[in-house]
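Chains as they are written, first to last, in the working numbering: chain A, 1 to 308; chain B, 1 to 308.
Calculated from the structure, these hints are not laboratory results. Careful: at least some of the hints might be erroneous.
The list treats identical chains as one, so a pair stands whether inside a single copy or across any two.
[Said to hold, decoys possible] With a straight-line cut-off of 27 Å between C-alpha atoms, the simulated DSS-like cross-links for lysine-lysine are:
{"no.": "1", "residue 1": "K130", "residue 2": "K249"}
{"no.": "2", "residue 1": "K232", "residue 2": "K249"}
{"no.": "3", "residue 1": "K48", "residue 2": "K71"}
{"no.": "4", "residue 1": "K308", "residue 2": "K45"}
{"no.": "5", "residue 1": "K95", "residue 2": "K195"}
{"no.": "6", "residue 1": "K210", "residue 2": "K147"}
{"no.": "7", "residue 1": "K249", "residue 2": "K127"}
There are 2 protein chains.
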Amino acid sequence: MPCKNCQEKPVFIQISNVKLCKSHFIRYFEKKVLYTIKKFNLIQKNDKIVTALSGGKDSTTILYILNELSKKTRRFTISALLIDEGIRNYRDKTKEDAISFCSQYAIPLEIITYKKELGFTLDEMLKISKQKPCSICGVFRRYLLNKGARKLKANKLATGHNLDDEAQSILMNQFRRNNETSARLGPITGILDNKNFIRRIKPLYLLTEKETAIYAFLKNFPIQFTECPNAKQGYRNDVRNILNQMEAKYPGTKHSIVNTFLENLSNLKEHYSHQSSLSSCKKCGEPTSKEVCQACTLLEEIKSILKK
Amino acid sequence: MPCKNCQEKPVFIQISNVKLCKSHFIRYFEKKVLYTIKKFNLIQKNDKIVTALSGGKDSTTILYILNELSKKTRRFTISALLIDEGIRNYRDKTKEDAISFCSQYAIPLEIITYKKELGFTLDEMLKISKQKPCSICGVFRRYLLNKGARKLKANKLATGHNLDDEAQSILMNQFRRNNETSARLGPITGILDNKNFIRRIKPLYLLTEKETAIYAFLKNFPIQFTECPNAKQGYRNDVRNILNQMEAKYPGTKHSIVNTFLENLSNLKEHYSHQSSLSSCKKCGEPTSKEVCQACTLLEEIKSILKK
Numbered sequence: 001m002p003c004k005n006c007q008e009k010p011v012f013i014q015i016s017n018v019k020l021c022k023s024h025f026i027r028y029f030e031k032k033v034l035y036t037i038k039k040f041n042l043i044q045k046n047d048k049i050v051t052a053l054s055g056g057k058d059s060t061t062i063l064y065i066l067n068e069l070s071k072k073t074r075r076f077t078i079s080a081l082l083i084d085e086g087i088r089n090y091r092d093k094t095k096e097d098a099i100s101f102c103s104q105y106a107i108p109l110e111i112i113t114y115k116k117e118l119g120f121t122l123d124e125m126l127k128i129s130k131q132k133p134c135s136i137c138g139v140f141r142r143y144l145l146n147k148g149a150r151k152l153k154a155n156k157l158a159t160g161h162n163l164d165d166e167a168q169s170i171l172m173n174q175f176r177r178n179n180e181t182s183a184r185l186g187p188i189t190g191i192l193d194n195k196n197f198i199r200r201i202k203p204l205y206l207l208t209e210k211e212t213a214i215y216a217f218l219k220n221f222p223i224q225f226t227e228c229p230n231a232k233q234g235y236r237n238d239v240r241n242i243l244n245q246m247e248a249k250y251p252g253t254k255h256s257i258v259n260t261f262l263e264n265l266s267n268l269k270e271h272y273s274h275q276s277s278l279s280s281c282k283k284c285g286e287p288t289s290k291e292v293c294q295a296c297t298l299l300e301e302i303k304s305i306l307k308k
Numbered sequence: 001m002p003c004k005n006c007q008e009k010p011v012f013i014q015i016s017n018v019k020l021c022k023s024h025f026i027r028y029f030e031k032k033v034l035y036t037i038k039k040f041n042l043i044q045k046n047d048k049i050v051t052a053l054s055g056g057k058d059s060t061t062i063l064y065i066l067n068e069l070s071k072k073t074r075r076f077t078i079s080a081l082l083i084d085e086g087i088r089n090y091r092d093k094t095k096e097d098a099i100s101f102c103s104q105y106a107i108p109l110e111i112i113t114y115k116k117e118l119g120f121t122l123d124e125m126l127k128i129s130k131q132k133p134c135s136i137c138g139v140f141r142r143y144l145l146n147k148g149a150r151k152l153k154a155n156k157l158a159t160g161h162n163l164d165d166e167a168q169s170i171l172m173n174q175f176r177r178n179n180e181t182s183a184r185l186g187p188i189t190g191i192l193d194n195k196n197f198i199r200r201i202k203p204l205y206l207l208t209e210k211e212t213a214i215y216a217f218l219k220n221f222p223i224q225f226t227e228c229p230n231a232k233q234g235y236r237n238d239v240r241n242i243l244n245q246m247e248a249k250y251p252g253t254k255h256s257i258v259n260t261f262l263e264n265l266s267n268l269k270e271h272y273s274h275q276s277s278l279s280s281c282k283k284c285g286e287p288t289s290k291e292v293c294q295a296c297t298l299l300e301e302i303k304s305i306l307k308k
C-alpha cells in the first residue's frame, strides 16, 4: 500500500493506519506543529523566543521548524541556548552537533556551562552527591535555562518536549501524588505577568517521540541519535517502559493520556492558582515558591558535602 | 521484628514498614473500613443496603464487616445479592461458597441468574458474540445488580471494589480517553434523587487487594481464592500487570493514583454533572443516558446473531 496522498513508498504509518511517504510525512509533521502553536496560542507577534537546544533530535527539530517559521513570517525572532552540564562522552558530542547545526542555519547560539555557573560539572556533582542524576540535572537545567533566557532578553523559552515526555510526566506525577506539579504541565506554562519566569512553550506537544525521531532522520539533521548515559537510572525510565508497553499493545494510549489531561488542565491550574505567585530567591533572584530556590539549596548541599 | 503493638509474629508489613500481627492487622483493616465509611459518608441511618456478593474474597469480606456493623449499631439493614452469570467451573463453585457463608451468618441472599433474566448464560453468549467476556459481563452484571437491588427495595448497593480496582479503573479511563466514565468513579456513586439508580458504595475503597486477601484468609471465610477464567483476557488485566510492576518497585503507587484522583474528583463530577440526569430505558425502564439502555442493546445484538 502506497502513501495515502501519492504513489510513493510509505515511511510512516499513523495510528489510524494512514500511510505517508517521506514528503507527505514531513508536511504532516510541520502542519501539526503549526496547529499546536495556533491551538494553544504559543506564539505572539514580536515574541523573542530562545530555544533550549541540546543537540538531540527533539530540540534540533523544533529549533529548525521555528527558525523556518521565523524567516517566513518575520513575526518573531529565534535564538538557541545550550546548557552544557559536562557529561563526558555525551554532551561534548551533542554540543558539537548543536554548534554545527546553528552555524549551518545562522542561528545565534549561547552556551552556558555548569562548570562556570555553578562551579562543578554534573559528572563532578554525581561523584559527591547521593541524589539521582536526573533529580540534580532537572533542577539546574531549568534554573540555567531560565537565567540564560532572561540574559538573552527572551520572553519565551521553546523546548523540545514531545507527547511522550508529557504523557510520562503526567503519569509520574500521578504515581507520586503530585497534582501540584501536574498543574505546571501543559503546552504553555508560566504566568503572563511574572517577568522573572520565562514562559515555556512546547510546540512538539502533540507529536510523539517516534514521529519526531523520524522527522529528524528524514531531514538529515547533523545529529547523533544518542541518549544521555544517566537516563536509564531514573524513575522516568520505568514509566517510559510501561507506557511503551501499553502503546505497543494499544496504539493511541499516549495520545489518550495527554488529551484526558488537557481536558482537566484548566481545573487543575485554577485549583493551584495560588501557587502561581512566585517570589524571587533571596540568594540569586531567580523565581521560586520558597525563600531560597531549589537550585541554590541543592548547590549549598553539594558544597557542604565537599567541605566535610 | 514483632508487631508494632505487641510481641506477636507479624503477618503483614505496611508500606510505611509498620509490622502487624494477625489480631492487630484485623483491627487495622476493620478500622480502615469504618474510617472509609465515615470519611465518604457512605452509610446513613435507616439505609437498606444490599451487598453484591460473588462469593470471592472482596465481596465476602465487605458483606461480613457490614453485617457485623449492622448487628452492632442497628442503624441499617444488610442483605446479599448474587448474580449468577453461568460461568462453568467458576461461578457454580463461588455460588456454593456464597450460599454457605450467608447461611452461616444468617444473611438473606437473593440469587439472580443470567439464564432466567436474559435467556442465556454468559458462556452461551460468548459462543455467539465476538465481544470480550468482560465487556459483556460488565454491562449485564451492572444491569442485574441495579434491577435486583431495586426489587429488594434497597437504597444502596455495597460492592467489594478495593483500591487496586479503583486505581486500575482510573488508569483504564485515562488510557482510553474516558474522563466521563471516570467522573462516575469514587467511593460513592449515583445521584441522591434518582430512585431508579441505586447508589453504589465501596467501603473497601482505601484497602488494597493484598490487604483484603490477607483479611479474608485470616478470618478463614469459607471461600476459594479463585479467579474468573475470563479475567486474563481483558484490558484490565494488562493495566493490573503494569500497576503491580510499578507498585512492587515503588510501593505506594496505587495509593497515590487513587488519592490524586480523589483530589480532582469533585471538579470532574461538576464538569460532567449534566450526565447525571439519567432517563429510563424505553424497553426495560432501567436508568440510562440513552433512549435504550446498553443491556437491552447488547441483548438485542446477541439475539439477532442467533436468528441468522
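Evaluation of the provided hints:
no.: 1; hint: K130 <-> K249; verdict: between (37 Å within a copy, 19 Å between copies)
no.: 2; hint: K232 <-> K249; verdict: both (23 Å within a copy, 15 Å between copies)
no.: 3; hint: K48 <-> K71; verdict: within (13 Å within a copy, 71 Å between copies)
no.: 4; hint: K308 <-> K45; verdict: neither (52 Å within a copy, 64 Å between copies)
no.: 5; hint: K95 <-> K195; verdict: neither (29 Å within a copy, 67 Å between copies)
no.: 6; hint: K210 <-> K147; verdict: neither (31 Å within a copy, 48 Å between copies)
no.: 7; hint: K249 <-> K127; verdict: between (40 Å within a copy, 25 Å between copies)
Hints 4, 5, 6 from the earlier list are contradicted by this structure; the remaining hints agree with it.
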